[in-house]
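Chain R is already provided as a structure; the job is to place chain E on it using the hints.
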Amino acid sequence: METILSVRSLKKEYGSRGTRFAALHDVDLEVQKGEFLAVMGPSGSGKTTLLNLMSTIDQATAGEIYIDGRNLTRMKNGDLAKLRRNKIGFVFQDFNLLDNMTIMDNIALPLALNKANHKEILAAVEELAAFFGLTDQLHKYPYQLSGGQKQRAAVTRALITKPSVVFADEPTGALDTKASTELLDCLRGLKPKYGTTVIMVTHDAFCASFSDRVMFLKDGTLHARLDSSGSRKDFYQKILEMLAAMGGITNERL
Amino acid sequence: MNAFSLALKLFRSNVKTYTFYIAVMTVAVAVYYDFMALKHNPEVLQTREVLLYAKSAAQITSVVTLIVLVFFMWYSSSFFLKQRTKEIGIYALAGISNAKIGLVFAVESIFIGLTALAGGLLFGILFSKLFLMALAKCTLLDVTVPFTVPTSAVTEVMITFGIIFLAL
Chain R
0 METILSVRSL
10 KKEYGSRGTR
20 FAALHDVDLE
30 VQKGEFLAVM
40 GPSGSGKTTL
50 LNLMSTIDQA
60 TAGEIYIDGR
70 NLTRMKNGDL
80 AKLRRNKIGF
90 VFQDFNLLDN
100 MTIMDNIALP
110 LALNKANHKE
120 ILAAVEELAA
130 FFGLTDQLHK
140 YPYQLSGGQK
150 QRAAVTRALI
160 TKPSVVFADE
170 PTGALDTKAS
180 TELLDCLRGL
190 KPKYGTTVIM
200 VTHDAFCASF
210 SDRVMFLKDG
220 TLHARLDSSG
230 SRKDFYQKIL
240 EMLAAMGGIT
250 NERL
Chain E
0 MNAFSLALKL
10 FRSNVKTYTF
20 YIAVMTVAVA
30 VYYDFMALKH
40 NPEVLQTREV
50 LLYAKSAAQI
60 TSVVTLIVLV
70 FFMWYSSSFF
80 LKQRTKEIGI
90 YALAGISNAK
100 IGLVFAVESI
110 FIGLTALAGG
120 LLFGILFSKL
130 FLMALAKCTL
140 LDVTVPFTVP
150 TSAVTEVMIT
160 FGIIFLAL
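As given, the protein sequences belong to chains R and E, one line each in that order. Residue 0 is where the first sequence starts when you use numbering that gives the first Met the number 0, and the numbers rise one by one after that. Residue 0 is where the second sequence starts when you use numbering that gives the first Met the number 0, and the numbers rise one by one after that.
Isolated chain R, as found in the complex:
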């Protein structure tokens, strides 16, 4: 298996001199191609910070991040834009679709700005939309869709450029259980079909149980890791136990 993303002794500090606070320190991480990784941890543990750093949204204080062998921390703005366009997809909790465009245009946006051929764009959009069950929704506007459909549209947009890595920040945060399950099943189905790596931040053990591997963050460092044995139910139990052992936040869910 080849490594798609690696993080070396990453550090991120917030605040100015005197009131410095390290949100992340000494984080080392390797992610294999096609892996579905979940990052968990209590609020304030730095999971979103880690995701923002890996996805080029934010800049690290120290340490290195490599995507496909290229060092992010030394890149200029123009190169970063190119990297975002070709290698990275984003999914957010609140969908971030453009309200004044149809789902079709929303999904096609990243491709359209890559100056791809019109027919190729249409074909690519239709293929992915079929995979996510959005074929009938393509000509509607975001406000006409349910939350689950909107999030699937957002994932489709993230995938349209065939990125190496998709970053998802609490993708199921605004969805109910059924829509969450559908979405997570789709994310899991990406690996055999497109070989896409997915890195997902979540605080929900149920969500995390869909992944191949869970990394637990606590107070800005990687605290533990759990690998899926294949059975989701066992994995879910193990994650819950781990959270409880960490001074769990999800005890109320038991």
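Keep in mind that the hints were calculated from the coordinates and are not lab data. Any given hint could be a false lead.
BS3-like mimics (lysine-lysine), calculated; alpha carbons at most 25 Å apart, straight line [unchecked claim]:
1) E/K128 to E/K15
2) E/K8 to R/K139
3) E/K99 to R/K118
4) E/K99 to R/K161
5) R/K139 to E/K85
6) E/K85 to R/K86
7) E/K85 to R/K161
8) E/K54 to R/K139
Chain E in isolation, oriented as in the chain R frame:
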């Protein structure tokens, strides 16, 4: 799809948001045109000195209109931009460079400017005769005002607003 066609698409879908803004600018351009038409009207230029007062008054009014308009546009364009920070973020994440995002927004505001300019000139020309007739009535002059479209007035309006739109 390049920056131009994206800007055109955005302009079309955002026209509703901008309706009021465009309406205000159209009226402003029309008013400005009417004053300019007065300044350049051949009939007016020939009449007696009484109208010199009217002419200078017209010039002052047009300058005041311009100043108010510049501030109005300045404020509202920054307001619109603030409303759309989320949209800009989405473009950035889709991998569009900052320069290109800027270009898209610049082209879009040029579309808005052109719409307002064209609409304003149209209304201004349509109402210029009415405006001059009203002025003649007010100043108790017995002149019949023919309907003219002084090209010098049109060019002056276009140049002035062209500069303003580009500068903002």
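Could you tell me which of the numbered hints above are not met by this structure, giving the numbers in increasing order?
-> 1 and 8
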